[in-house]
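A.B. asks: Please work from the sequences and hints to get the whole structure.
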Amino acid sequence: MERAWILGRPATLDAAVAEAGKLIAASTNVLIAGLGTDVAGARAAIALAQRTGAVVDHMYSEAVLRNLDVMRSSGVLMTTPTECHARADTLLLVGPLRGAARDQLLRHVIGNGPAKQSASRRIIWLCPGRDLLPLAETMAAMPVGREIGDLPVLLATLRAQVADRPIAKTSTASKMLHQVAANLKETRFGTAIWSGAELDPLVIEMLCGLVDDLNATTRFSSLPLAPDADAIGVMHVCGWMTGFPMRTSFGRGFSQHDPWLFDGHRLVASGEVDCVVWISAYGHEAPPWRKAPPTIALTAQEVAFDLPAQVHITVGTPGIDHSAVQYFAATGTLAAFEATRPSETISVAAAIERIAAATPERGAQ
Amino acid sequence: MLTHIAGGRIIDPANQRDAQGDVWIRDGRIVDAPNAGADATYDATGKIVMAGAIDIHSHIAGWNVNTARLLLPEYHSAAIARPSEPLSRKGWPALETGRLYATMGFTTVVEPAVSPHYALHAHLELGDTPIIDKATLVVLGNDNYLLQLLHDNESDAAIEDYVAWTLDMSRSLGIKVVNAGGALAFKDNMRAFSFDDVVPAYGVTSRRIVKALQGAVNRLGVPHPLHVHCNNLGLAGNFETALTTIAAAEELPLHLTHLQFYGYGKEGERKFSSAAPQLAEAVNGKTNVTIDVGQVMFGQTVTISADVLRQFNARTHARPKKWLILDGDANGAGIVPYDYRRKDFYNAVQWATGLELFLLINDSWRVFFTTDHPNGAPFTSYPDIFALLMSRDLRARWIAELPPEAMAVTTLPSITREYSLYEIATMTRAAPAKLLGLTERGHLGKGAVADVVVYDDLSDRAQMFRAAALVFKDGDLVVRDGRVVNDRWGRALAVSPKRDRAINRRMKDYYEERYGLSDEFLKVPDYALQRPEPFEFVLCR
Numbered sequence: 003m004e005r006a007w008i009l010g011r012p013a014t015l016d017a018a019v020a021e022a023g024k025l026i027a028a029s030t031n032v033l034i035a036g037l038g039t040d041v042a043g044a045r046a047a048i049a050l051a052q053r054t055g056a057v058v059d060h061m062y063s064e065a066v067l068r069n070l071d072v073m074r075s076s077g078v079l080m081t082t083p084t085e086c087h088a089r090a091d092t093l094l095l096v097g098p099l100r101g102a103a104r105d106q107l108l109r110h111v112i113g114n115g116p117a118k119q120s121a122s123r124r125i126i127w128l129c130p131g132r133d134l135l136p137l138a139e140t141m142a143a144m145p146v147g148r149e150i151g152d153l154p155v156l157l158a159t160l161r162a163q164v165a166d167r168p169i170a171k172t173s174t175a176s177k178m179l180h181q182v183a184a185n186l187k188e189t190r191f192g193t194a195i196w197s198g199a200e201l202d203p204l205v206i207e208m209l210c211g212l213v214d215d216l217n218a219t220t221r222f223s224s225l226p227l228a229p230d231a232d233a234i235g236v237m238h239v240c241g242w243m244t245g246f247p248m249r250t251s252f253g254r255g256f257s258q259h260d261p262w263l264f265d266g267h268r269l270v271a272s273g274e275v276d277c278v279v280w281i282s283a284y285g286h287e288a289p290p291w292r293k294a295p296p297t298i299a300l301t302a303q304e305v306a307f308d309l310p311a312q313v314h315i316t317v318g319t320p321g322i323d324h325s326a327v328q329y330f331a332a333t334g335t336l337a338a339f340e341a342t343r344p345s346e347t348i349s350v351a352a353a354i355e356r357i358a359a360a361t362p363e364r365g366a367q
Numbered sequence: 042m043l044t045h046i047a048g049g050r051i052i053d054p055a056n057q058r059d060a061q062g063d064v065w066i067r068d069g070r071i072v073d074a075p076n077a078g079a080d081a082t083y084d085a086t087g088k089i090v091m092a093g094a095i096d097i098h099s100h101i102a103g104w105n106v107n108t109a110r111l112l113l114p115e116y117h118s119a120a121i122a123r124p125s126e127p128l129s130r131k132g133w134p135a136l137e138t139g140r141l142y143a144t145m146g147f148t149t150v151v152e153p154a155v156s157p158h159y160a161l162h163a164h165l166e167l168g169d170t171p172i173i174d175k176a177t178l179v180v181l182g183n184d185n186y187l188l189q190l191l192h193d194n195e196s197d198a199a200i201e202d203y204v205a206w207t208l209d210m211s212r213s214l215g216i217k218v219v220n221a222g223g224a225l226a227f228k229d230n231m232r233a234f235s236f237d238d239v240v241p242a243y244g245v246t247s248r249r250i251v252k253a254l255q256g257a258v259n260r261l262g263v264p265h266p267l268h269v270h271c272n273n274l275g276l277a278g279n280f281e282t283a284l285t286t287i288a289a290a291e292e293l294p295l296h297l298t299h300l301q302f303y304g305y306g307k308e309g310e311r312k313f314s315s316a317a318p319q320l321a322e323a324v325n326g327k328t329n330v331t332i333d334v335g336q337v338m339f340g341q342t343v344t345i346s347a348d349v350l351r352q353f354n355a356r357t358h359a360r361p362k363k364w365l366i367l368d369g370d371a372n373g374a375g376i377v378p379y380d381y382r383r384k385d386f387y388n389a390v391q392w393a394t395g396l397e398l399f400l401l402i403n404d405s406w407r408v409f410f411t412t413d414h415p416n417g418a419p420f421t422s423y424p425d426i427f428a429l430l431m432s433r434d435l436r437a438r439w440i441a442e443l444p445p446e447a448m449a450v451t452t453l454p455s456i457t458r459e460y461s462l463y464e465i466a467t468m469t470r471a472a473p474a475k476l477l478g479l480t481e482r483g484h485l486g487k488g489a490v491a492d493v494v495v496y497d498d499l500s501d502r503a504q505m506f507r508a509a510a511l512v513f514k515d516g517d518l519v520v521r522d523g524r525v526v527n528d529r530w531g532r533a534l535a536v537s538p539k540r541d542r543a544i545n546r547r548m549k550d551y552y553e554e555r556y557g558l559s560d561e562f563l564k565v566p567d568y569a570l571q572r573p574e575p576f577e578f579v580l581c582r
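Chains Y and P supply the protein sequences, listed in that same order.
All residue numbers for the first sequence refer to the numbering used here, where the first residue is 3 and numbers rise by one.
All residue numbers for the second sequence refer to the numbering used here, where the first residue is 42 and numbers rise by one.
Each hint should be verified, as a subset may be incorrect.
Label-pair ranges, simulated between beta-carbon atoms [claimed, not checked]: (1) 218/Y with 458/P: 58 to 64 Å; (2) 578/P with 346/Y: 31 to 37 Å; (3) 273/Y with 529/P: 38 to 44 Å; (4) 15/Y with 547/P: 23 to 29 Å; (5) 303/Y with 293/P: 56 to 62 Å; (6) 311/P with 135/Y: 44 to 50 Å; (7) 176/Y with 360/P: 37 to 43 Å; (8) 296/Y with 577/P: 33 to 39 Å; (9) 293/P with 188/Y: 43 to 49 Å; (10) 87/P with 346/Y: 30 to 36 Å; (11) 11/Y with 82/P: 37 to 43 Å; (12) 188/Y with 328/P: 51 to 57 Å.
Treat the hints as calculated values from the structure; they're not laboratory data.
For every residue, glycine included, the Cβ atom is placed at its ideal position computed from N, Cα and C.
C.D. replies: Now the structure itself:
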C-alpha cells in the first residue's frame with residue numbers, strides 16, 4: 003500500500019496530495035526534477051509544469067545533453083543496440099563505461115549477440131581506465147591508451163591516421179594507433195560505443211567526426227549508451243510535448259529550453275526556485291544537493307531520502323508495480339512492459355495527476 | 042444532440058454534389074434532414090461546406106520526427122527571438138500539430154513512415170496529437186525477415202502472413218516501402234541503388250521486393266495499395282526510375298509517393314530539368330496508379346526520411362550544417378535540415394516540377410495533395426499551395442520572381458489550368474478517403490463521420506484555407522473563426538487482415554534467434570496509449 007508523510011510524519015495519501023497542491027500553489031518558481039519515471043509519469047509531470055509555469059529537468063540530463071549538443075551542432079551517424087549486436091563486426095568502445103551504460107553494453111550488445119558474429123567480432127577499447135582492464139580482458143577487447151585524460155589526443159591522432167594525415171608523437175605508440183586505424187578501415191560495419199556521462203562534448207564530437215570519416219570507404223556507425231532512470235524515454239516525451247529535451251521551462255507561458263538556465267542543480271544552488279518536486283520511481287537516486295527549498299518527493303520505496311521533504315509519497319516502480327511504457331535498452335525503443343508484481347502502490351502519473359487536481363490553476367497561459 | 046449547418050454551398054464530390062443546402066449532424070454522424078428542430082444551428086449562407094480534409098502523407102510523429110525536433114531547437118518559436126520561418130512560427134509539438142491541422146479543416150492525417158520497432162513510439166505521439174484522427178503506414182522492404190523469405194523463394198502465403206502480422210502488431214493502416222532494398226544495400230556499403238540492383242546479402246532486387254509487397258497487400262485486401270517511395274530520390278535523370286516503377290505496377294494498384302522528388306531530367310546547361318510532363322503522361326495513361334506530389338515551397342525546413350541511403354548522400358547539403366543518420370533495424374532514418382531558396386536554380390525547378398504534376402495530371406481522383414511534410418515544405422504552407430493551384434495569375438507573379446533559367450527548363454509558365462473548389466475537394470477529401478478505404482470519411486452523405494468544415498468564400502484562397510470558419514470533428518465543434526475551441530482526442534485508424542496464426546510462433550522464434558529477445562517489445566497495447574478509444578479498425582476488402 004502507498005505510504006505518505008508530511009514533514010516526516012505518516013499521513014494519508016489524500017492529506018499528502020492536498021499538502022503538495024497547497025505548496026505548489028504557494029510557490030513562485032517550481033522545479034520538477036529527478037524525473038526518473040516512465041512515459042505516463044513524464045507526461046503528467048510536463049503537463050503539471052505547463053500548468054504551473056515550472057521547469058522540468060532530469061537527474062541524468064547532463065549525459066543526455068552532451069550527446070544532444072553534438073548532434074544539434076554537427077553530424078552524427080547512429081545505430082540501434084539490436085542492429086549493432088546483429089551486424090557489427092567491430093566495436094570501438096570509448097572511455098570507461100560504468101553503471102547503466104556498462105550494463106546495457108554487456109547485457110544487450112555483447113551478451114546477446116548471435117554466436118557467429120561474436121566469434122569474429124573485434125573489440126577495441128580506447129582508454130578504458132586502469133580499473134576496467136580486467137573487464138576488457140574478459141571481453142577479449144584490445145585496450146588502447148590508458149586513462150580518460152589521454153582520450154582527446156588519442157582520438158585526434160586516430161582520426162588523423164584514418165584520414166592518412168601526418169601526426170606528431172603521442173603518449174600512445176603511433177605504431178599501435180596506425181594498426182587501430184587500419185583495423186577500423188577494414189571493418190565492414192563498425193560501431194563506436196560510449197557513455198555521454200563520461201565524455202566531454204568535444205571528445206564526442208571528435209569521435210562522431212571519426213565515424214563520419216570512416217564512412218568515406220566503409221560503414222561505421224555509433225551507439226551512445228543510455229543513462230538510467232528512463233532518461234531517454236523522458237527526453238522523447240519532452241520532445242513531442244514541448245519541442246525540446248529536458249531543462250525546459252514554462253515560466254513564460256510557453257516552452258523555453260536552455261541547458262544552463264534551467265539546470266536543476268544551478269536553480270537549487272542559486273535559490274531561484276522555491277519548491278522542488280523530486281521524482282525517482284526507479285529507486286536509488288536521491289537529490290544530489292545538500293540544501294534544498296521545500297520539497298515534494300515521489301520516490302520508490304527503497305530510496306534513502308536524506309533531505310527533509312515537506313511531502314513524501316511512495317510511488318510504484320514502472321513495469322513492476324504497474325504496467326508502463328519506458329525506454330528499452332535492449333532495442334533502443336520505447337516499449338510497453340506489463341507489471342511483473344502488480345501492487346496498489348500509486349504510480350507517478352496518478353500521484354501527479356492528483357496533485358495537479360489539488361493545485362489551483364495559475365500561470366501566464 | 043442535433044446540429045444544423047444551414048444554407049452553405051456544399052461541395053461533396055463523393056456524392057457528385059455542388060449546390061446550396063443543409064448538413065445535419067446527430068451523434069457524430071451525418072443524417073438526413075429530420076423533422077425535429079436543431080439543438081444548434083450555424084448559418085453557412087455564402088460560405089463553402091466540405092467534409093474534413095484527409096492528408097495521406099505527412100511526417101507528424103515517431104522517432105524520426107521527434108529526433109528532428111531535438112536536432113533543431115532553434116526552429117521552435119520559443120527558441121528564436123523573432124520567429125519568421127514556418128516551422129518556428131507554428132511550433133511543432135504534437136499538440137500544435139493537431140491544432141494547426143484542425144484550423145485548416147483537416148480531420149484525418151496519415152503518418153507514412155513508421156518502422157515496426159518504433160510503432161509504439163509513433164502511436165504515443167499520435168495519441169498526444171489532439172482533435173484529428175490519425176493513421177500510420179508501416180515500412181517494410183529493408184527488413185531481414187522479408188528479404189530472407191524472398192531469398193528462400195517462400196510462398197506468397199508466407200509473405201502475406203508476415204505483412205498481415207506486421208500491420209497488426211504495429212496497428213497500421215497500410216504498408217509503405219522506402220527505397221526497397223537500398224537501406225540494406227547501404228549497410229553492405231553500396232552507395233547507389235536502383236530498381237533492378239541486387240541487395241548483396243540476399244540476392245534480391247528492389248523490383249522483386251516491391252512486386253512481392255504490392256501483391257501481398259492486394260491479396261490481403263488492405264484497402265490502401267502499396268505506398269512506394271522509389272529509388273534514386275532527388276537525382277537528376279531519376280524520372281526514369283519513376284517511369285520504370287510505374288510500368289512495373291502492371292495492372293495492380295500502386296501508389297507512388299512524393300513524385301515531385303522523382304521528376305527530374307538532365308536537360309539544360311546544368312543538366313537538371315523538370316521531367317514532370319513525361320511523368321504526368323505516364324500517370325494519365327495508367328489508371329491503377331495513384332500519386333501524391335510532395336510539393337516544395339521556399340523556406341527553412343527539415344527533411345525526415347526512412348531513405349537512409351539518400352539522406353546519407355544528402356547530408357553534405359544540410360542547411361544548416363548538421364544532420365543525423367540512423368542505421369536502424371530495417372530502414373533506419375536520416376534527418377537533414379534544408380532551406381529551399383527562391384534564388385537557387387535547383388530549388389526553383391523543384392517548386393515548378395511539383396506544380397506541373399498537379400496541373401498536368403488530369404484526374405484529380407489520382408493525384409494527391411502533399412508536401413511530404415516537412416520534406417518539401419511544412420504542412421502549414423498548404424493554403425498557399427491551394428491558392429497557387431487555383432490561380433494562374435498568382436503563379437505568374439511567383440514565376441516572375443524566380444530564376445528565369447530555372448523556369449526555362451519547366452513547362453509551368455505555359456500552363457493555364459486552374460483548380461476549381463470542386464477539384465480541391467476531390468483531391469483533399471473524396472479521393473483520399475477512397476484511396477485509404479475510409480468509406481465513412483471524405484464525404485457528407487448520410488452515415489458519414491461528421492467531420493465537416495465551413496470556409497468563408499474569400500477571394501484570398503490562402504486565407505480561406507488557412508483559417509476555417511467552423512470545423513466539426515465527430516460532430517463536435519472544434520474550430521471557430523480559425524481558432525481551436527475544443528481539444529478533443531482522436532483515434533488511430535488501423536487494419537487487421539486475416540492471417541495464419543502460425544506466423545506468431547515463427548516471428549517469436551525469429552526475434553529470439555536474431556536478437557535474443559522476445560517480440561513482446563513490438564506490441565502497441567491499448568493501455569499504453571491512455572486514451573479512451575485509441576484505435577478504430579478499418580475493414581479489409
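A.B. asks: Would you mind marking each hint as holding or not holding in the structure?
C.D. replies: Going down the list of hints, with the structure as the test:
{"no.": "1", "hint": "218/Y with 458/P: 58 to 64 Å", "in the structure": "violated (47 Å)"}
{"no.": "2", "hint": "578/P with 346/Y: 31 to 37 Å", "in the structure": "holds (34 Å)"}
{"no.": "3", "hint": "273/Y with 529/P: 38 to 44 Å", "in the structure": "holds (42 Å)"}
{"no.": "4", "hint": "15/Y with 547/P: 23 to 29 Å", "in the structure": "violated (47 Å)"}
{"no.": "5", "hint": "303/Y with 293/P: 56 to 62 Å", "in the structure": "holds (59 Å)"}
{"no.": "6", "hint": "311/P with 135/Y: 44 to 50 Å", "in the structure": "violated (58 Å)"}
{"no.": "7", "hint": "176/Y with 360/P: 37 to 43 Å", "in the structure": "holds (38 Å)"}
{"no.": "8", "hint": "296/Y with 577/P: 33 to 39 Å", "in the structure": "violated (46 Å)"}
{"no.": "9", "hint": "293/P with 188/Y: 43 to 49 Å", "in the structure": "holds (45 Å)"}
{"no.": "10", "hint": "87/P with 346/Y: 30 to 36 Å", "in the structure": "violated (60 Å)"}
{"no.": "11", "hint": "11/Y with 82/P: 37 to 43 Å", "in the structure": "violated (59 Å)"}
{"no.": "12", "hint": "188/Y with 328/P: 51 to 57 Å", "in the structure": "holds (52 Å)"}
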